[in-house]
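K.L.:
Kindly generate the complete structure, drawing on both the sequences and the hints.
The lines below spell out each chain.
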Amino acid sequence: MPERLTATPGQTIGPFFHYALPYERGNQLVPGGSAGSLRLHGTVYDGDATPIPDALVEIRQADPTGHVPSVEGSLRRDGSDFTGWGRCATDTVGRYSFTTVEPGPVRDGGAAFFSVVVFARGLLNRLFTRAYLPDDARQGEALAADPLLASPGRDVERLVAVREESGDLRFDIHLQGDAETPFLTFPGHEA
Amino acid sequence: MSTAQTTPDALSTQADVSAEIEKVHAGTTGAGETQPRIDFPPYRSSLLRHPTKALRHADPEGCELVAPVFGHSDVAPVEADLTIQHTGDPVGERMVVTGRVLDGDGRPVRHQLVEIWQANSAGRYIHKRDQHPAPLDPHFTGVGRCLTDADGTYRFTTIKPGPYPWRNHLNAWRPAHIHFSLFGTDFTQRMITQMYFPGDPLFALDPIYQSITDQAARDRLVASYDHDLTTHEWATGYRWDVVLTGSHATPMEREDDDA
Numbered sequence: 212m213p214e215r216l217t218a219t220p221g222q223t224i225g226p227f228f229h230y231a232l233p234y235e236r237g238n239q240l241v242p243g244g245s246a247g248s249l250r251l252h253g254t255v256y257d258g259d260a261t262p263i264p265d266a267l268v269e270i271r272q273a274d275p276t277g278h279v280p281s282v283e284g285s286l287r288r289d290g291s292d293f294t295g296w297g298r299c300a301t302d303t304v305g306r307y308s309f310t311t312v313e314p315g316p317v318r319d320g321g322a323a324f325f326s327v328v329v330f331a332r333g334l335l336n337r338l339f340t341r342a343y344l345p346d347d348a349r350q351g352e353a354l355a356a357d358p359l360l361a362s363p364g365r366d367v368e369r370l371v372a373v374r375e376e377s378g379d380l381r382f383d384i385h386l387q388g389d390a391e392t393p394f395l396t397f398p399g400h401e402a
Numbered sequence: 011m012s013t014a015q016t017t018p019d020a021l022s023t024q025a026d027v028s029a030e031i032e033k034v035h036a037g038t039t040g041a042g043e044t045q046p047r048i049d050f051p052p053y054r055s056s057l058l059r060h061p062t063k064a065l066r067h068a069d070p071e072g073c074e075l076v077a078p079v080f081g082h083s084d085v086a087p088v089e090a091d092l093t094i095q096h097t098g099d100p101v102g103e104r105m106v107v108t109g110r111v112l113d114g115d116g117r118p119v120r121h122q123l124v125e126i127w128q129a130n131s132a133g134r135y136i137h138k139r140d141q142h143p144a145p146l147d148p149h150f151t152g153v154g155r156c157l158t159d160a161d162g163t164y165r166f167t168t169i170k171p172g173p174y175p176w177r178n179h180l181n182a183w184r185p186a187h188i189h190f191s192l193f194g195t196d197f198t199q200r201m202i203t204q205m206y207f208p209g210d211p212l213f214a215l216d217p218i219y220q221s222i223t224d225q226a227a228r229d230r231l232v233a234s235y236d237h238d239l240t241t242h243e244w245a246t247g248y249r250w251d252v253v254l255t256g257s258h259a260t261p262m263e264r265e266d267d268d269a
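Sequences listed follow chains A and B, in order. Plus 211 on top of the position in the first sequence (first one is 1) and you've got the working numbering. Plus 10 on top of the position in the second sequence (first one is 1) and you've got the working numbering.
Honestly, I wouldn't trust all of these hints.
[To be verified] Label pairs and their computed distance ranges (CB to CB): (1) A/Ala361 to B/Thr241: 54 to 60 Å; (2) B/Pro208 to A/Glu375: 33 to 39 Å; (3) A/Asp302 to B/Asp49: 23 to 29 Å; (4) B/Pro51 to A/Tyr230: 27 to 33 Å; (5) A/Val282 to B/Asp91: 25 to 31 Å.
[Stated by the list, open to error] One side only, chain A facing chain B, incomplete, derived with CB under 8 Å: (6) Pro220; (7) Val317; (8) His400.
Source of the hints: derived by calculation from the structure; they are not laboratory data. Keep in mind the model is a prediction, meaning the values are calculated, not measured. Even glycine gets a Cβ: it sits at the ideal position worked out from N, Cα and C.
P.N.:
Structure follows, in structure tokens:
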């Protein structure tokens with residue numbers, strides 16, 4: 212009989228995950244150079260605006276039709292299936308980069324976004340956020356109607372990725388400070 | 011972290027850090043916190059890396075409701091045995107660690123990826139960033155993966171890791187631990203944590219462990235010795251169940267539960 216159980220606490224990822232978690236082409240949700248591919252990339256910063264070289268970023272997303280894939284193969288990356296999940300460690304200057312395709316909205320009228328989770332040495336528990344597609348992706352109305360983006364405070368604007376001239380999307384992550392990224396809690400999470 | 015924090019004369023003593031830990035704990039309210047504080051100054055590298063603004067409440071939607079799926083094309087069975095990855099046996103206490111991954115409603119998390127990594131029996135990581143004077147073991151890398159079975163059970167064979175020194179403060183030692191990375195049925199359950207061993211004398215001294223201010227919550231990270239898992243002349247056995255936050259996936263998005 213299912214019962215309510217209290218969640219096991221999280222702990223920091225620590226400084227030594229690089230030989231364990233990142234894997235070949237982990238950051239390529241589609242093969243580099245595929246039709247319609249672009250980069251979702253940025254820098255992870257600390258409270259002094261110093262780049263963080265020991266962070267791990269993962270994304271989860273729908274495909275361009277708005278379907279969220281439930282297929283295996285993420286660790287194999289043989290280019291056959293789009294699995295909608297990727298993992299990238301930051302480099303020595305705090306940068307991460309994913310090669311992927313833009314998600315379509317999952318629900319009618321919904322805004323398309325990447326779910327982003329961040330881990331780092333010094334960060335005692337995972338942080339969730341969202342990187343929304345900007346309003347040039349025909350989603351101006353959806354952004355305006357999005358409940359999270361309607362929360363008070365100008366900082367929710369930081370949840371919208373910035374379109375670069377190349378067509379790529381830039382999404383910097385500030386763990387702390389004046390430019391601090393809004394992070395999320397969901398029902399059932401403590402804080 | 012500024013360089014001032016890393017020169018030995020600038021590091022706090024264990025007594026100072028223990029006093030800071032006690033002060034934070036004394037300031038907690040009666041309602042037991044179930045997750046670590048992310049603003050926890052005794053863990054020095056948290057100072058510049060914890061958000062200062064309250065987390066925003068969001069209702070999960072879309073891709074947040076569906077965890078990534080992994081299968082036998084992603085993970086080979088041999089990856090669950092950390093003792094057979096080289097041409098010889100690693101040094102140390104061979105142990106089995108097993109348990110169930112459950113969600114907040116007590117449902118098993120089936121066929122899902124579990125990843126672990128750890129130091130060797132001497133407390134040394136193969137990561138080049140760990141250069142402290144403990145021997146590397148040429149027969150041990152310390153990385154494992156498996157899929158939970160239909161009952162939500164994971165199982166690894168490995169070597170018990172040693173405690174390891176770090177530079178948070180003077181004479182700082184992490185209790186022996188295995189890092190665990192877990193997925194659930196929805197993406198909001200994603201978490202990374204550490205499993206510890208019963209009776210470790212370092213618990214009270216460790217700021218990472220003590221960032222969890224409630225004893226009952228800290229206890230959830232400690233495995234249990236299980237003699238029924240121990241095998242004659244082969245390996246000791248430890249059991250550790252993990253509970254993820256509740257799933258927001260609708261029944262159609264989850265595999266059907268057995269009646």
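K.L.:
Now look at each hint and say whether the structure bears it out.
P.N.:
Structure-based check of all given hints:
1. Distance hint check for A/Ala361 and B/Thr241: the Cβ-Cβ separation is about 58 Å, which falls inside the suggested range of 54 to 60 Å.
2. Taken as a hint, the range 33 to 39 Å is violated for the pair B/Pro208 and A/Glu375, whose Cβ atoms sit roughly 52 Å apart.
3. Against the hinted window of 23 to 29 Å, the Cβ-Cβ separation of A/Asp302 and B/Asp49 comes to about 27 Å, which satisfies the hint.
4. Range check, B/Pro51 to A/Tyr230: Cβ separation about 29 Å, and the 27 to 33 Å hint holds.
5. For the hinted restraint 25 to 31 Å between A/Val282 and B/Asp91, the CB-CB distance of approximately 27 Å keeps it satisfied.
6. Nearest Cβ of chain B to the Cβ of A/Pro220: about 5 Å, under the 8 Å cut. The hint holds.
7. Nearest Cβ of chain B to the Cβ of A/Val317: about 3 Å, under the 8 Å cut. The hint holds.
8. Annotation: A/His400 was flagged as interfacial toward chain B, and the flag holds, the nearest CB pair being 6 Å apart, inside 8 Å.
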